[in-house]
Every structure is written in structure tokens, then in C-alpha cells.
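Protein sequences, first through last, are from chains A and B.
Be aware that the first sequence starts at 1, since it is given in the working numbering, and climbs by one per residue.
Be aware that the second sequence starts at 1, since it is given in the working numbering, and climbs by one per residue.
Treat the hints with caution; some may be incorrect.
[What the hints assert, rightly or not] Derived pair list, reagent style DSBU-like, types lysine-lysine, alpha-carbon separation capped at 35 Å:
| hint | chain 1 | residue 1 | chain 2 | residue 2 |
| --- | --- | --- | --- | --- |
| 1 | B | LYS116 | A | LYS449 |
| 2 | A | LYS37 | B | LYS116 |
| 3 | A | LYS37 | B | LYS61 |
| 4 | B | LYS138 | A | LYS37 |
Hints were generated in silico from the structure; no laboratory data involved.
Source: prediction; values computed, not measured.
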Amino acid sequence: MAAEFFDEMRAGEMMRDPYSGYADWYARQDPADLNRKGEDAEKLFRRTGITFNVYGESDAAERLIPFDIVPRIVSGAEWRRLAQGIEQRVVALNAFLDDIYHRQEIVRAGRIPVELIAKNVAFLPQMLGMKPPGGVYTHIIGVDIVRTGENDFFVLEDNARTPSGVSYMLENRETMMQLFPELFRDIRVKPVENYPQLLRQSLAAVAPPAAKGKPVVAVLTPGIYNSAYFEHSFLADQMGCELVEGSDLRIENGRVAMRTTEGYKAIDVLYRRVDDDFLDPLTFRPDSQLGIPGIMDIYRAGGITIANAPGTGIADDKAIYSYMPEIVEFYTGRKAILQNVPTWRCSEADSLKYVLEHLHELVVKEVHGSGGYGMLVGPAASKKERETFAEKLKARPSNYIAQPTLALSTCPILTGAGLSPRHVDLRPFVLVSDQIRIVPGGLTRVALKEGSLVVNSSQGGGTKDTWVLDD
Amino acid sequence: MLLGRTANGLYWMHRYIERAESTARLLDAGHHVALTGGSGVRDIWGSVLQSSGVADAFSAKYAESTEASAIDFMLRDPDNTSSVLSVIDNARNNGRMVRTALTREVWENLNEAWMKMKDVFSTPVTEKNLPEALSLIKRETALIRGAFEGTMLRDERFNFARMGTYLERADNTARILDVKYYVLLPAANWVGSSFDNLQWETILRSVSAHRSYRWVYEAQATAANIADFLILNRRMPRSLAYCMGMILLNMRDLERDYGTSHVCHSTAEALEKQFGGLTAQGIFDRGLHEFLQEFMADCNRLSSEITDSYRFY
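Whenever a hint applies, use it, and build me the whole structure from the sequences.
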């Protein structure tokens with residue numbers, strides 16, 4: 001295994017530089033003691049209630065995302081390169097959104113096909129001609145990055161709608177500092193704790209024209225049964241702002257206002273964790289109980305900032321993803337610093353033919369899917385599974401894209417028998433506003449099952465603390 | 001600034017915690033009497049169910065009240081909306097909803113209480129395990145209260161939570177007294193003689209006051225003293241007068257902070273004031289049962305006035 005995949009910790013017999021400090025410390029530890037700490041960590045998480053709800057199970061089913069105590073370590077130099085690439089990418093994503101909701105120059109220039117926009121369910125015609133406050137569309141972005149070699153980083157996908165997981169990044173660090181304070185004294189790790197403050201500053205900086213004085217920020221959640229509810233309340237808490245539900249809000253005097261014990265109070269910036277479809281029953285799904293009737297009118301009139309803006313899903317759509325190299329170049333005038341994973345669009349006849357012939361070596365994903373659902377990992381699938389999937393693919397080719405099975409890098413996890421490598425990815429979180437803010441680190445997701453390449457928490461993945469070294 | 005929904009969540013979280021604790025005390029008292037009363041005790045569990053306000057729901061499910069069925073119904077039956085398991089679940093759901101309005105300590109103690117109770121009540125509690133189960137409830141709710149007392153800012157959040165605690169407590173004490181009101185009535189056979197030992201023990205134990213009663217009054221219980229202690233004594237933390245005083249205190253904080261007075265303020269003031277002019281004898285003359293019924297109805301009205309005044313919904 002070691003020879004086949006790039007390992008973040010070891011290069012053959014040698015320790016890679018970023019891990020040298022950690023490896024020295026690790027060598028001095030008693031393995032039984034470390035395993036006990038791993039159990040302590042789980043108790044800590046359960047006690048704090050850092051859980052997620054699994055859809056389709058009874059509402060009592062609150063699960064923990066398993067946490068592994070071996071950090072994923074990135075050197076300062078590696079991080080600087082990643083950060084540059086991420087920054088370039090989020091600038092391009094916002095420019096792309098502004099363009100397709102206005103003049104659609106990129107379509108006129110023939111760089112991307114018009115059907116991809118016009119026929120896309122993530123494209124919201126209601127946003128045409130709409131300029132959000134500050135000109136920002138996607139304020140909070142999670143960029144999923146995988147590594148296959150010393151210098152080979154790829155963006156697997158962009159999450160430009162409502163990326164989740166940042167609370168795990170913060171709690172993982174908090175937990176590590178509680179369990180291993182001495183490590184943080186010996187090794188200089190860049191802090192991530194200020195993310196909530198940065199998020200608040202970032203949101204306040206794009207307050208709408210109607211805002212008076214210090215902007216009032218609120219987080220909109222679907223409620224306690226949502227799978228990411230913990231994160232919603234965590235962020236509201238850390239930012240020191242209200243956590244609201246649709247039922248708390250109504251339109252008052254041309255503003256979106258929340259019901260307080262002293263009457264209604266206007267909100268300036270709404271960080272919503274409710275999907276586009278549910279945001280406004282008067283504009284989108286009329287049966288939505290989670291949104292605020294009329295909020296889109298107030299939004300258009302400059303009465304509120306909605307972060308992320310409705311309709312940003314068009315930018316992280318997997319079909320659009322395949323055009324990201326062109327998109328980055330079109331809007332920034334430079335080649336993309338971070339590479340895309342080669343992608344076959346099954347809507348194109350040649351590609352479909354290739355994909356069908358090579359199913360056993362490809363990963364096929366639904367264009368609008370997420371969370372690792374509805375995808376086929378060719379090499380891991382049985383012949384029968386591949387045949388069933390091929391039928392679905394032929395029935396609706398444009399619903400799928402395919403990518404080579406990437407040799408994701410591995411990072412060790414702690415097992416009963418010591419360290420053992422598992423595949424990982426990385427989701428750094430980026431804030432776009434008056435300036436771009438990136439906290440050094442992100443959420444490292446790890447496939448806990450040996451050999452598995454699927455890191456999603458809904459599919460048996462866990463998380464790790466991610467260290468960016470201050471070197 | 002506080003969301004109406006958050007005020008509501010804080011208020012109900014604390015009502016439910018208080019209810020869990022009150023149920024544990026009732027069961028404790030019932031069990032004690034069942035153990036010590038011998039054959040002289042008539043339908044102690046029926047009376048415990050009644051004091052808990054769940055007698056109707058119970059008889060819809062069981063033909064008669066045995067110890068095992070009463071304990072199971074009150075501790076862990078999901079069909080009983082007031083079972084300890086149901087209310088701790090409700091308390092925790094409310095707590096999750098208002099998590100941003102709680103300190104980390106309060107939330108963690110609540111979450112832990114919920115985890116432990118869910119675990120202990122996943123199987124029926126036998127008589128052998130009952131004392132341990134009841135002290136778990138009392139200990140866990142005390143931990144939540146301790147964290148709350150020690151870490152919460154004395155602001156509107158604190159006030160709404162406290163109003164929930166004391167309204168629930170006042171209601172519970174009134175109910176316990178009302179179920180037993182007939183033993184407190186002046187009847188020919190007890191005047192001048194010692195009052196039924198077991199009966200007063202039950203009442204005082206149900207409000208954890210069997211020891212403190214003796215600090216205040218002579219050792220021998222009399223109906224007038226028990227009524228005085230549980231209704232009028234302002235030093236007794238579960239008396240109606242004390243609870244109403246605390247409700248009013250918290251309401252006045254809100255009045256001062258918000259600069260607004262509501263109809264709930266005048267209701268609470270009138271309710272609190274009446275205790276000043278009352279004596280146990282006066283209450284007996286007027287009719288203890290009628291007095292308690294009226295008080296509970298007033299508490300209900302006060303609760304809905306609070307709900308409306310502060311836009312809980």
C-alpha cells in the first residue's frame with residue numbers, strides 16, 4: 001500500500017518534514033495511553049453534543065462523526081500555494097456568478113454551452129439582473145482538495161451553496177488542545193480559532209444599503225432536526241448572533257425582522273443554512289415551512305443580504321465543475337493554480353462511450369448529488385452493480401460525470417495495532433467579502449475503512465485535526 | 001435582545017426539568033410510605049399518580065395501580081407526556097433549540113443528564129433499583145441547576161428560565177396539597193389528637209421538607225402548620241408564596257430592563273400580594289380545595305399571559 005499511494009507522514013522509511021516534530025513526540029508515547037485518549041475524545045464530543053442526525057433513521061439517531069487523534073499536517077509552504085490557488089478560484093467563482101446572472105459574457109464567448117446554464121436546475125432565473133450587496137454571491141465556500149503526490153493537488157469539488165463542516169474543524173482543534181496541550185507548546189501550529197470572528201466581520205462587511213449602524217447578523221437554520229443543526233447553533237453562538245428559524249421571521253416595514261421579546265427587530269445580514277428552494281415560498285417552493293414569505297422582494301430592494309446568495313449552486317454544479325479551468329482563465333486571465341480532476345461529461349456522446357467502456361476504473365457521480373450518495377466507485381463495485389449503474393447512465397447521461405479513481409493520499413490513523421494509513425481529503429473554508437479571508441487549515445476527512453476511498457461522514461468517514469505549521 | 005422563541009425554550013426547558021425532579025420526589029415519597037405503612041396504606045400509588053396529574057392517562061392504560069405499573073408509567077412510559085423520560089427529552093430538545101442562550105456548562109449538564117437517563121430508563125426500573133434511579137434524577141437535575149446558578153448571566157435569559165422553574169414548582173406544590181386536602185380538613189376525629197403520621201410524612205417528603213419542617217414548627221405536625229409551611233412560608237423554597245415571590249422578582253427585572261409593563265405583571269403582583277394577608281386558618285375557613293383550585297387556575301392564566309406578553313409564539 002505504502003508504495004502505491006502518497007503518504008502524508010512517511011516517504012518510504014523517512015519521515016516527511018512536516019511530521020518530524022510530531023513523530024518525535026509520538027515515539028515517546030505509550031500506545032495504550034494514546035488509545036485511551038482516543039476514547040476520551042469520543043466522550044468529549046458526545047458530552048458536548050457534537051452530533052449529526054442521519055436522515056432516514058429515527059429522529060433519536062444522533063451520531064458522532066468519528067474523530068482520529070493523529071493530526072493531518074501541512075507545511076507552511078504547501079499551505080501558501082494552496083491558499084493562492086483557492087483565492088484565485090473563489091474570485092473566479094464569484095465573477096462567474098455575477099456574469100451568468102447578468103450579461104453572460106462567458107456564454108457569448110463560447111467558452112461554456114448555453115444549455116449548461118439555461119437547463120440547469122441550480123440556475124435561478126429569479127436572480128437575473130440582481131446585484132447582491134457588496135457584489136458578492138458566494139460568501140462562504142468549502143473547496144474540497146485531494147492530493148496524489150508531493151506536488152500534486154487537485155480540486156475535487158467546490159461547495160459554493162452552504163458548505164458544512166467548519167464546526168468540526170474548530171472542535172477538532174479544541175479537543176486536540178485539551179488532550180495534548182504539550183504538542184501545541186512544542187510544535188507551532190497556526191491558529192484556526194478566530195474563524196467565527198472572521199465570519200462575522202466578513203458578513204458585516206457586506207451589509208445591505210438599508211442597514212443602519214452596526215449590522216445585525218443572524219444565522220437561519222431549518223431547526224433542531226436538521227443534520228447540521230449543531231453547526232448552525234455553534235456558529236451563531238461563536239459569532240454572538242441570533243440563531244433564527246423561518247417561524248421567527250416576517251416582513252416588517254420593508255425589512256426582514258425577527259420576533260423578539262420586545263417586538264420585531266430588523267436583520268441586516270442573514271447567513272442562511274436553508275436551501276434555495278425553501279427560502280421563500282412566494283418565489284420558490286410554495287410548500288416550504290422553513291423560509292420567509294417575501295424575503296426575495298426585500299432582498300431585491302436592498303433590505304437584506306442573504307449569504308450565500310440564492311442561485312450560487314450553479315457554480316458548484318458538477319457539470320460546471322468540468323469547465324472550471326476555462327472559468328478561472330476567463331475571469332482571472334491566468335491559468336488555474338489548482339488543477340481540476342479530469343472529468344468526462346456523460347452528456348457528450350464520445351465521453352459517454354468512453355465512460356461505459358471504462359466503468360471498472362472510473363468514479364461516476366450525479367451532477368447534482370452530494371454526500372457520496374448515488375455515486376459509483378468503479379473499482380470497488382461488483383460486476384452486477386456496474387451493470388445496473390450503466391443502465392441508469394444510458395437512461396440519463398446528462399445527469400452524470402465521471403472521473404478517474406484518484407490515488408488519494410493517505411495519512412495514518414491510530415488503531416488498536418498502532419498507526420495505519422487511510423485515505424484523506426481536505427476542505428479548507430474561505431470567506432469572500434470586502435476581502436478574502438482563509439483560516440489556515442480546514443477539515444480533513446478520512447476514510448476509516450482500510451483501503452476505502454470514500455471519506456463522507458455519511459459513508460463511514462471520520463475527521464482529523466488539520467495543522468498548518470507556522471514555519 | 002432575545003428571540004421570543006428562545007424565551008419560550010428557556011421557560012419550558014426549566015419547567016420540564018422541574019417537573020422531572022418533582023416526579024422523582026413524589027415517587028420517593030410514595031415508595032417510602034409503601035415500605036413503612038404496612039397494610040394500613042390504601043392505594044398509595046393511586047394517590048401518587050393523582051398528585052403527579054397523570055391519573056387519567058394512567059387508568060386509560062392500566063386497570064389498577066400496582067407499584068410496578070405506577071413506577072414504570074411515571075418514570076419511562078413514552079405514552080405519558082409527563083413521565084421523567086418524556087420531560088427530560090422535552091427539556092433537552094428545548095435546550096438544543098436555545099443552545100446559544102445557555103452557557104456551555106448548563107448545556108453539557110443537560111445533555112449528560114439526558115444521556116444517563118435514556119440509558120437507565122431503557123429497561124424497566126425494578127424496586128431494587130428504584131432508589132438509585134430516583135437519586136440519579138435528583139442529582140442530575142441538581143447539577144443542571146447548579147451550573148445554571150453558577151454560570152448564567154443574570155439577564156433576561158435567566159429571568160425567563162426562573163419564571164419557568166417557579167411556575168412549575170408552584171403548580172406542583174399546589175397539586176400535591178390539593179390531592180391530600182381532605183386529610184388536612186378539620187375533622188372531628190383529629191382535633192387535638194396527633195395527625196395521621198403517614199399522611200403528613202407523605203406530603204412533606206413529596207416536597208423534600210420533612211426535615212426542614214421540624215426546624216420551623218414543633219415536631220408534631222398539625223394541618224394548620226403544614227398548610228402554613230407549604231402555602232405561606234416565604235423561607236420555604238417550594239411554598240406557593242415563595243414561588244410567587246420569585247416569579248414576581250424575575251418579572252420585575254424584565255420590566256426594568258425592557259422598560260415595559262404587561263398584564264402578566266399585575267396578575268403576578270395581585271397573586272403575590274394575597275399571601276401577605278392570609279393565614280392558614282383563613283384559608284381553611286374559605287375552603288382549602290377551592291383556594292388551591294383557584295391558585296392553579298391563576299398560575300395557568302399567568303403562564304399564558306407571559307407567553308403572549310413576551311411573544312413566545
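Evaluation of the provided hints:
1. B:LYS116 - A:LYS449: Holds. B:LYS116 to A:LYS449 sits at ~30 Å (cutoff 35 Å).
2. A:LYS37 - B:LYS116: Holds, because 22 Å separates the two Cα atoms, which is no more than 35 Å.
3. A:LYS37 - B:LYS61: violated (48 Å)
4. B:LYS138 - A:LYS37: holds (31 Å)
In terms of the numbered hints stated before, the structure departs from hint 3 and from no other.
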